[in-house]
Amino acid sequence: MRKKCLAIAKKAMVWALAASMLVGTPLTASAAGLRDVYKVEDGWGNTIDNEDDTRTGTVSSTHSDSNTTVLKGDAKLQGIVLSETNVKLEMDGTEPKEKTLTVDFDWGTNSVNDEIEAWEAELRKLLTWRSSNNSVVAVRNDKQNGILDELTLVAKAGGTETVTVSLDDNDNNIHYTTVANVTVKQYATGLSFDPALDKEAYEGTSLNLNDYLVRDPKTSNDNVTFALVEDVKKCATLKNGVLKLKDKKAGSEVKIAAIGEKTKGEHTFKVVPANHATKVEIRKAGADVTRKYDWLVNDDGNKNVFEAVLTAKDTSAPCTDTVTWSSKKPSIVDIVGSNKGESVTLVAKAVGKTTITAQASGGKKGTISITVKANMTGFEISIGADSDGTETTLYSGQSLKLNSTQYFNDNGPVNFTDAGLTWSFDGDAAAVRNMKKVASINAKTGVVTIKPDVSALNQIKVTATNSKKIGTTKAKEMKPINGSITIKLEQINITKITVYENMSAGSRQIAGASLKANGTPQTIKGATVAVPVDTSRTYKVVAEGTDKDGNEVKNIENALNWASNNEKLAIATRNANGSGTVSAIKKGTATITVSGATKKGNKYVAIKATFKASVTVPTKTLTLKTAKSGIAATNKPQTITIKATLDKGTTSKAKNIVWSAVKVSADGTKTPVAGADIKNGKLKLKKEGYVAGDKYTVTATLADAGVKTSITLNVVKPSSKVQFVDADGVKLPSTNKIGLEGSLDLQTQVQVNGNWLTPGQDDVAKVKYTLNKSDIVLLVGNRALPIKKGSVKVTATTSDGKKATTTIKVE
Numbered sequence: 001m002r003k004k005c006l007a008i009a010k011k012a013m014v015w016a017l018a019a020s021m022l023v024g025t026p027l028t029a030s031a032a033g034l035r036d037v038y039k040v041e042d043g044w045g046n047t048i049d050n051e052d053d054t055r056t057g058t059v060s061s062t063h064s065d066s067n068t069t070v071l072k073g074d075a076k077l078q079g080i081v082l083s084e085t086n087v088k089l090e091m092d093g094t095e096p097k098e099k100t101l102t103v104d105f106d107w108g109t110n111s112v113n114d115e116i117e118a119w120e121a122e123l124r125k126l127l128t129w130r131s132s133n134n135s136v137v138a139v140r141n142d143k144q145n146g147i148l149d150e151l152t153l154v155a156k157a158g159g160t161e162t163v164t165v166s167l168d169d170n171d172n173n174i175h176y177t178t179v180a181n182v183t184v185k186q187y188a189t190g191l192s193f194d195p196a197l198d199k200e201a202y203e204g205t206s207l208n209l210n211d212y213l214v215r216d217p218k219t220s221n222d223n224v225t226f227a228l229v230e231d232v233k234k235c236a237t238l239k240n241g242v243l244k245l246k247d248k249k250a251g252s253e254v255k256i257a258a259i260g261e262k263t264k265g266e267h268t269f270k271v272v273p274a275n276h277a278t279k280v281e282i283r284k285a286g287a288d289v290t291r292k293y294d295w296l297v298n299d300d301g302n303k304n305v306f307e308a309v310l311t312a313k314d315t316s317a318p319c320t321d322t323v324t325w326s327s328k329k330p331s332i333v334d335i336v337g338s339n340k341g342e343s344v345t346l347v348a349k350a351v352g353k354t355t356i357t358a359q360a361s362g363g364k365k366g367t368i369s370i371t372v373k374a375n376m377t378g379f380e381i382s383i384g385a386d387s388d389g390t391e392t393t394l395y396s397g398q399s400l401k402l403n404s405t406q407y408f409n410d411n412g413p414v415n416f417t418d419a420g421l422t423w424s425f426d427g428d429a430a431a432v433r434n435m436k437k438v439a440s441i442n443a444k445t446g447v448v449t450i451k452p453d454v455s456a457l458n459q460i461k462v463t464a465t466n467s468k469k470i471g472t473t474k475a476k477e478m479k480p481i482n483g484s485i486t487i488k489l490e491q492i493n494i495t496k497i498t499v500y501e502n503m504s505a506g507s508r509q510i511a512g513a514s515l516k517a518n519g520t521p522q523t524i525k526g527a528t529v530a531v532p533v534d535t536s537r538t539y540k541v542v543a544e545g546t547d548k549d550g551n552e553v554k555n556i557e558n559a560l561n562w563a564s565n566n567e568k569l570a571i572a573t574r575n576a577n578g579s580g581t582v583s584a585i586k587k588g589t590a591t592i593t594v595s596g597a598t599k600k601g602n603k604y605v606a607i608k609a610t611f612k613a614s615v616t617v618p619t620k621t622l623t624l625k626t627a628k629s630g631i632a633a634t635n636k637p638q639t640i641t642i643k644a645t646l647d648k649g650t651t652s653k654a655k656n657i658v659w660s661a662v663k664v665s666a667d668g669t670k671t672p673v674a675g676a677d678i679k680n681g682k683l684k685l686k687k688e689g690y691v692a693g694d695k696y697t698v699t700a701t702l703a704d705a706g707v708k709t710s711i712t713l714n715v716v717k718p719s720s721k722v723q724f725v726d727a728d729g730v731k732l733p734s735t736n737k738i739g740l741e742g743s744l745d746l747q748t749q750v751q752v753n754g755n756w757l758t759p760g761q762d763d764v765a766k767v768k769y770t771l772n773k774s775d776i777v778l779l780v781g782n783r784a785l786p787i788k789k790g791s792v793k794v795t796a797t798t799s800d801g802k803k804a805t806t807t808i809k810v811e
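Read left to right, the sequence shown gives residues 1 to 811 (this note's numbering).
These are computed hints drawn from the structure, not numbers from a lab.
Certain hints may be false.
[As the list claims (entries may be wrong)] Subject to a maximum C-alpha distance of 27 Å in a straight line, what follows is the list of computed DSSO-like cross-link-like pairs (lysine-lysine):
id	residue 1	residue 2
1	K525	K603
2	K737	K234
3	K643	K628
4	K349	K329
5	K809	K766
6	K682	K636
7	K766	K731
8	K270	K340
[What the hints assert, rightly or not] Here are the computed distance ranges between Cβ atoms for each label pair:
id	residue 1	residue 2	range
9	N442	T278	55 to 61 Å
10	G689	E98	32 to 38 Å
11	E95	T621	23 to 29 Å
12	L457	K303	45 to 51 Å
Note that the coordinates shown come from a computational prediction; the quantities given were computed from them, not determined experimentally.
We put the CB at the ideal spot given by N, CA and C, even for glycine.
From just these sequences and the hints, can you work out the full model?
What follows is the structure, encoded as structure tokens:
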């Protein structure tokens, strides 16, 4: 069934409203297709039935009686930000973990008076929360009071997802979004290997151990490494999780281990005799083996199954090799689903040539060259919505981009490829000359531009023909279907244009144009506005003018044209209410022009207002790090440096971070740190201004990027030394020997004022262990569990920087 032709309304010029204004941070993940695995409540605690699966996990208030009488003119909401935007949660096994997030409102330099507080109270009821995947992290409303500025995150499985909070005040056209990146680390409680490994461990093959790893629980995602524990006959090597089994080693025994962060699993198997392939050939399913295949999507569709034909060394026995498929150019032909097995499903994506390879695990491979062809059988011009597809209306000075829907018979997909249409005026030579007096058309892009003066003609007609030979059909044989459109023209006289930063009353002017006394149009120098990449900004326009007969025209803003000089960076769109939306695509600066036609003397000329759209790339994450998480209570002046790291390629600057800090005394008293003592990530502590037991929470905020994160530093009793001891408190020797079936209890003591104390208690610094090798022993708490023979160095580091080492030798 053919796609319905899109069109623009003939006279009313109803243009689709583009993306909402002032979106602070783009959505970084989609919830499409996810089912509701956690109950979803509104702001009053009522369970919501999910009518749209793409919004699964949304928590929003049902309160709709917002106070629209509050004056919004002078107050300017800069954005919203979460209390933390880099959230890390840890789960042991399947026990859920929770964390509370709150939303703050940024009013810029405005003082928060009673009026703003009243407005903010209403805005808090309009917040919407959404998890990108409820099976990993869900959102829960505990207050059930209609206000959604605080919700609980519930971590349920390992993964990295986003929680998005949106503010949509449609009455005032205010739309902000902020995103928390939530990483849930779920530790495995058990690790093992799939029994299939025993059957598939053929000599002369390679096994990716990750393909056989079995986690308990399945959703755990802590780091797992592999070790070759025992290989008496030297028949295997292990690198980056790939176990290579040497040829002619059948019957040899190999012992491997999977090492998680809190558990380990071991497995012993014997190398299986192999019957390797000596030849690999490829064919389309049901056809003959061939080295070349011409794929005509008109006849074959764009999906096909291809098979690998293996010739084994021992022709009387089955071949033991497995096959892995790949495409040299996935943009031409790609693999659908699994790329392993004796057959694979391929999808044709574009016209061109590529090579498909079937690689057998024994080393042999086969290839097939595929040439994808397609015969275009017709097209329809697409011009917008709400029209019959044959006619539309434009005002003088406006432009319109025409598109097409291309067809490739019943078996071929719509718009499978591009026939390279050439756009032109439709008519005889005299008619075309007249149309060129009032309009121009870009032959390659299909953009029609109406000139300021259209008094010579009241309509034009545009058509397109294909310019490329697609597949085997000659270009002249591809006739257009419904390949023309009539555009009616209307003259308009714009005398003034003013563009405002947003739709709110009192927003600043960013561009404008008016007439001089002699009728010559003049453009006011426009401002530069920031638009974050993948988001949009909507701008209010006020215009004055008349029709060609001098009659005042209401809503004349609809007669203006919006254009970007670089649509690779930003796209400008006119909206139904006369406003314009700029959608940011890529980092850079584009010039946005809002234009029309104005009468000067007896002719019409262009009148333009311009401004710059600077497409920014705000950081999505903000992480804080310091050399020592513990502050030694020396009572001397100290400066603690906290380093902030932003995403690579971002336009956000560390110098724009707003830093704040709060001191929490041992008795719970909270004291904000003076601004002068927390600047550029440097926390200054004054002499005798801090004692052991105090805590400092340092917060970094980039409001324009919608990111915020904190780090907590503990004031501890100054450590002078740290040492390893056994369970009885006896200092361990420099080298400790244990057997493969044994274990070692590793404990530490921290020396404070000459006394050896337990770390982490009574304001003594905590201790962290690190290993110089990951495959000799596994540290679970204070216990070292052997994995294989060898030596490993263990380092203990106190939170205020003291270190000690010991060596464990597994025999």
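Structure versus earlier hints - violations, ascending order: none
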